[in-house]
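Based on the hints, put chain B in the right spot on chain A.
Line by line, the protein sequences give chains A and B. Using our numbering, the first residue of the first sequence is number 1, and each one after it goes up by one. Using our numbering, the first residue of the second sequence is number 1, and each one after it goes up by one.
Don't read these hints as lab results, they were simulated from the structure. Remember, predicted model here, so these are calculated numbers, not experimental data. For glycine and all other residues, C-beta sits at the position ideal for the given N, C-alpha and C. Just so you know, not all the hints are guaranteed correct.
As the list claims (entries may be wrong) - These stretches of chain A come out as covered by chain B in the derived footprint (C-beta under 8 Å, 3 or more residues):
#	stretch
1	71-79
2	98-107
Stated by the list, open to error - Computed Cβ-Cβ distance ranges for the label pairs, DEER-style:
#	chain 1	residue 1	chain 2	residue 2	range
3	B	R340	A	A70	20 to 28 Å
4	B	T347	A	G15	23 to 31 Å
5	B	L348	A	E119	41 to 49 Å
6	B	R340	A	E224	49 to 57 Å
7	B	S498	A	E119	54 to 62 Å
8	A	A70	B	E491	39 to 47 Å
9	B	Y367	A	N72	30 to 38 Å
10	A	L29	B	E491	37 to 45 Å
11	B	T347	A	L29	50 to 58 Å
12	A	A216	B	R340	39 to 47 Å
13	A	E130	B	S498	23 to 31 Å
14	B	A359	A	G15	42 to 50 Å
15	A	E130	B	L348	47 to 55 Å
16	A	G214	B	P339	29 to 37 Å
Said to hold, decoys possible - Here are the simulated lysine to any residue pairs, SDA-like style, with alpha carbons at most 20 Å apart:
#	chain 1	residue 1	chain 2	residue 2
17	A	K106	B	Y413
18	A	K134	B	W496
19	A	K204	B	R415
20	B	K338	A	G15
21	A	K105	B	W496
22	A	K106	B	R415
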Amino acid sequence: MPIAIELVRVSKKLGGQPVVKNLDLKVPLQHSLCLLGESGCGKTTTLRLINGLLLADEGQVLVEGQPVSAANATMLRRSMGYSQQGSGLFPHLTVMDNISLIARKKGWSGEEIRQRSREVLDMVQLDFKEVSTKRPRQLSGGQRQRVGIARALFLKPKIMLMDEPFGALDPLTRKDVQDLFLQLRKQQSLTTVMVTHDLLEAFKMADSIALMQGGAVEQIGSKEDFMNSPASEYVERFVSSHLEALRELA
Amino acid sequence: MNWLKVLASTLILSFPLFGTHQAETSTSETTLTVGSKRFTESYILAEMMAQLLEAEGFRVQRRLGLGGTMIAFEALRSGGLDLYPEYTGTLSINILRAESDLPLEELNQRLSDYELELLEPFGFNNTYAIAVPRKLAEQEELETIADLQGLRWTAAFSHEFVERQDGWPGLRDLYELDLNIRPTEQALGYQALESGAAQVMDAYSTDASLKQFDLTVLKDNESYFPKYLAGALVRKDLPARAKQALSQLSGRIDENQMRELNTMAAIEGLNFAQTAAYFLAKHDLVTSLDGALERPQRSQVNYQELLRLTGQHLVLTFFPVFLACLFAIPLGIALTRKPRLAPPVITLTGLLQTIPSLALLVLMIWYYDRIGVVPAMTALFLYSLLPILRNTYAGIKNVDPNLIESAKGIGLYNREILWHVEIPLAMPIIVSGIRTATVINVGMATIAAFIGAGGLGEPIVTGLALNDTRIILQGAIPAALLAIVLEFVLERVERWLSHRT
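Pulled out of the complex, with its shape left as it was, chain A reads as follows:
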């Protein structure tokens, strides 16, 4: 498989503190990678380095073979879908204006926008007539997150970046939206990079998982790799603490 995203010896300091250290990472096309770890491990910074919200101090970030720079970062972000915790919808815009904002900036016609709005809302299983003229605060949390995904899919991206996308949802809604996204991912052949702190979510959503600690990857591999052959004591502790919590509840 060709490589969609590649990080080569990337380092980044924020406020003088090293946050990402000498990181190497490859995401093949149509692959789904989860960046997993506790808060402060560098996973969100890594995501921001990929979409150019941060630029690497050292090393190189390549998206579809192109180095990310200050000059092309915004254009690059337009070509990638982006979804974040709490949906990140603009409260003063209707659902349709929210999802089509970039398309309007790119000069799409009203008819094209209506057409595509129907399509993407349909994809996330929302009724165009019912929601398109509503404002975000008139929707439920799950509906908002679906609209957020619809917005990310509007311009038919090949790559989708997600920052704790299901973080603010109640468990039942969360499962629904996760299942919906898994289905969409296949259907749209998306390459995804998702940030989460939840091991079980990572197991469910990802082809491979990169567990980060102190700005570096502790282990990268599949669910089975993590269960059967943890690369370090930290990985073992991280995995077992999640599983123990589950067992105690059961």
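Chain B only, in chain A's frame:
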């Protein structure tokens, strides 16, 4: 970049407005601008001069009720006025900083530095006066201040008079008096004498109230008090024909007459123009003033005039707020981009707001060298800056950082984030700042009348001079209603905007 162009051209278009005003007020040769300060006597004297000049064929613009000696004098010096009534004592002591009142010749010598000239005074001397009830004066056979020697009477002297070196302390030493001093607001002194709580008070020698309360002024035989002879203070370049016309008033008004005129305006409630016309006709100074000789009637509320003043007031309120928006909103946004500059800049506009309004008006007169609408609007503009700037800055700063992150994440450029996310979300707070500025300005604009800019302050200033609540309320009630209505409307706009977010 389109909005930048719009902004720039609006600013450029709005400033020439100032320019056209200037042309209107200062170039026309046959128009003379007459000013007055804001007390009854000054209004009446200015009206007399204005009417004499009109009778002589000049066009006269009236800028009456200016906020104080400094404002009137600066306006005259800068050419915003051509003449106004002033007093020898005020010119000598307050303006030329002399020890006491100067003789007319010396006064004019020193005034020529300013290109000004005081014409031969009208005759009366409006100085401090020591007054006692007429009955008491007759009973005790009092004629001069010296006759108070040995009397242990209670004196209701004004606070200022008790403190001033040229007030009570010097008077006591010179005349060897031994009065029982009770510092009292001057307006209340009259009541104190009427009720018998006090027997002596200080007043101004041409006060209408002296007549109303039937008081006798004791003679100042030793010439202790400086002379406050009123006269026409004019620019040296005033046309000779105008000076000629004005000189008809020289030596024509004595203290009794001035007191009577003050009484007509302040107590009988006639307007200044009628009062002045009455005097001029009575003394044959103007001909063909039909009916002026009959004592005119008490003036009524003029609703058309009130409507005109309200219109002026709205312009005085809104135009500065509009300009302040054009200036402060972009500046507030720029400061969110350079947050280190924000505290000093916001503090600076805050300092502007602490300048007392009259002081700011005087500064503006210096700056523009003229009085009227332009300096008033500039002052109101400066007062409007802080609430709009501060709220714009706070509003943009308060936008949820997650939404900015989201906007960046989906690929909006910074410019687009500003227009599509930050400004709309900050709008309720910005409008709240505009609301504050507008409501403050409705109140502040009333003081614009001090520098002849019109508006609802005009009846307030006139009413204050006449001590006539009825006239004050003609300005104060519409101004208060205006503030309430604007507050209500803008609050609705603000709520409607924040409802959308």
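Here is how each hint holds up against the structure:
Taking a C-beta to C-beta cut-off of 8 Å, the stretch 71-79 of chain A contributes 6 residues in contact with chain B, enough for the three needed, and the coverage statement holds. Check on the stretch 98-107 of chain A: 3 of its residues sit with their Cβ under 8 Å from a Cβ of chain B, so the three-residue criterion for coverage holds. Here the CB-CB span from R340 of chain B to A70 of chain A is close to 22 Å, well matched to the stated 20 to 28 Å. For the pair T347 of chain B and G15 of chain A, the supplied restraint of 23 to 31 Å holds, since their beta-carbon distance comes to about 28 Å.
A hinted range of 41 to 49 Å is violated for the C-beta pair L348 of chain B and E119 of chain A, which are about 54 Å apart. For the pair R340 of chain B and E224 of chain A, the supplied restraint of 49 to 57 Å holds, since their beta-carbon distance comes to about 53 Å. The hinted range of 54 to 62 Å is not satisfied by S498 of chain B and E119 of chain A, whose Cβ atoms lie roughly 33 Å apart. The hinted range of 39 to 47 Å is satisfied by A70 of chain A and E491 of chain B, whose Cβ atoms lie roughly 44 Å apart.
Distance hint for Y367 of chain B and N72 of chain A: a CB-CB separation of about 51 Å, inconsistent with the stated range 30 to 38 Å. Checked against the hint of 37 to 45 Å, the pair L29 of chain A and E491 of chain B fails, with Cβ atoms roughly 56 Å apart. Restraint check, T347 of chain B to L29 of chain A: a C-beta distance of roughly 56 Å satisfies the suggested window 50 to 58 Å. Against the hinted window of 39 to 47 Å, the Cβ-Cβ separation of A216 of chain A and R340 of chain B comes to about 35 Å, which falls outside the hint.
For the pair E130 of chain A and S498 of chain B, the beta carbons lie near 25 Å from each other, so the given range of 23 to 31 Å is met. With their beta carbons about 46 Å apart, A359 of chain B and G15 of chain A fall inside the hinted range of 42 to 50 Å. Separated by about 52 Å at the C-beta atoms, E130 of chain A and L348 of chain B satisfy the suggested range of 47 to 55 Å. Checked against the hint of 29 to 37 Å, the C-beta distance between G214 of chain A and P339 of chain B comes to roughly 31 Å, which is consistent with it.
Pair hint K106 of chain A plus Y413 of chain B holds up; C-alpha atoms about 12 Å apart against a cutoff of 20 Å. At roughly 17 Å between alpha-carbon atoms, K134 of chain A and W496 of chain B fall within 20 Å of each other, so this suggested pair holds. For the proposed pair K204 of chain A and R415 of chain B, the alpha carbon gap of about 39 Å is over 20 Å, so the pair is violated. With a CA separation close to 18 Å, the supplied pair K338 of chain B and G15 of chain A stays within the 20 Å bound.
Restraint check for K105 of chain A and W496 of chain B: not satisfied, since their Cα atoms lie roughly 27 Å apart, outside the 20 Å limit. Only pairs whose Cα atoms come within 20 Å are accepted, and K106 of chain A paired with R415 of chain B is accepted, the gap being roughly 14 Å.
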